[in-house]
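> Sequences listed follow chains A and B, in order. Everything in the first sequence is counted per my numbering, starting at 451 for the first residue and increasing by one. Everything in the second sequence is counted per my numbering, starting at 451 for the first residue and increasing by one.
These are calculated hints, taken from the structure and not from any lab test. Keep in mind that a hint or two might mislead.
Unchecked claim - Simulated pairs of lysine to any residue, SDA-like, Cα-Cα distance not exceeding 20 Å: (1) A:Lys586 x B:Val623; (2) B:Lys553 x A:Ala525; (3) A:Lys586 x A:Ile542; (4) B:Lys586 x A:Ala622.
To be verified - From the derived model, a few chain B residues whose C-beta atoms are all more than 10 Å from chain A: (5) Thr476; (6) Asp478; (7) Val482; (8) Ala485; (9) Phe492; (10) Pro511; (11) Gly555; (12) Asp560; (13) Glu565; (14) Arg572; (15) Ala587.
Since the model is a prediction, treat every value here as computed from it, not as a measurement. Just so it is clear, CB atoms sit at the ideal spot from N, CA and C, and this is done for glycine as well.
2 protein chains.
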Amino acid sequence: MKSTFAIVVGLAAVAGLFAADAPQFTKDGQLVLPANYREWIFLSSGLGMTYDSGSQRASAPNFTNVFVAPSAYRAFLEKGTWPDNTLLILEIRASASEGSINKGGQYQTDVVTIEAEVKDTRRFPGSGWAFFALGKATTGKVIPSSATCYSCHSANGAVDNTFVQFYPSLIAVAKQKGTMKAANLATPAQSH
Amino acid sequence: MKSTFAIVVGLAAVAGLFAADAPQFTKDGQLVLPANYREWIFLSSGLGMTYDSGSQRASAPNFTNVFVAPSAYRAFLEKGTWPDNTLLILEIRASASEGSINKGGQYQTDVVTIEAEVKDTRRFPGSGWAFFALGKATTGKVIPSSATCYSCHSANGAVDNTFVQFYPSLIAVAKQKGTMKAANLATPAQSH
């Protein structure tokens, strides 16, 4: 029976029947940082992105890497929207320049902080989404729903509370599936 | 027998026995772009990186996303160096600013060009590595070994012909395994 179990587990993993990458929570409702999130699907990276028109260019801009759980990514490719148990990790890293042989531009260095966005329509009634602040820890508390991240994602996220307009490899999928809010497309004023 | 075959394939895939992500070549030696390289392991991203001290800051800097085949990544975690059949994809994307609700900084847009680096000590005697230029095509020719990418990677790559000094999540692995050339560490002159 041992080998039969191994076979079933193997096949289930291949077929994606077990969502091994679903969000995990502590008893007091904190989100657990997936140990292997760096092996998840990379959506995109920005440098020094800001939504505040009054802000000046940061002298120390950070990179923002976004990863999503593989099971949620595959569901997005099929439907153009996110399933329950979607977990997006926002990894914020410092930038540096002129190290090693680099003579210009920016490359990534240490993790500054980590944030996360979770879709769970039973756990989070209303929009079905919640945000978590993890800092450099392996767990993080939920951010209160009065925070601006909730209202901003709801109003400006191009697909289902998320900024797909900034994830170039998903834009075509969402357009094809008809799930993209056209008003939130990231047609740039300054395209390089 | 059909189900037995499926079971064996399933288990082999889970165990990583088949390196399904090994480099594929056309009959005339061109590298085939893996259709799912965006689902591979993301190593890092830079913006406007240059190795030329004479160059000014680009007015239209590109992002450089680096992905590696999962089987090679797992081998690196174990040994701190790259196995035969390692395939690294350099995806160069344009940057934009002030699109959608973005008011500053840069986000990624369309693919500009794709390059690749392959380790295959039988196919490429000498360093064991070769570079390929794919542009926006699904296959790409090998870059002649007289090109500067060969000499620069050989001299300046912190680990095994690759710029691990710019892949922050791999630096600790290479240091722990003792595979990092200390002289090539990216201790930045301007760390932000």
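> Out of the numbered hints, which ones does the structure contradict?
Those not satisfied are hints 2, 9, 10, 11 and 12.
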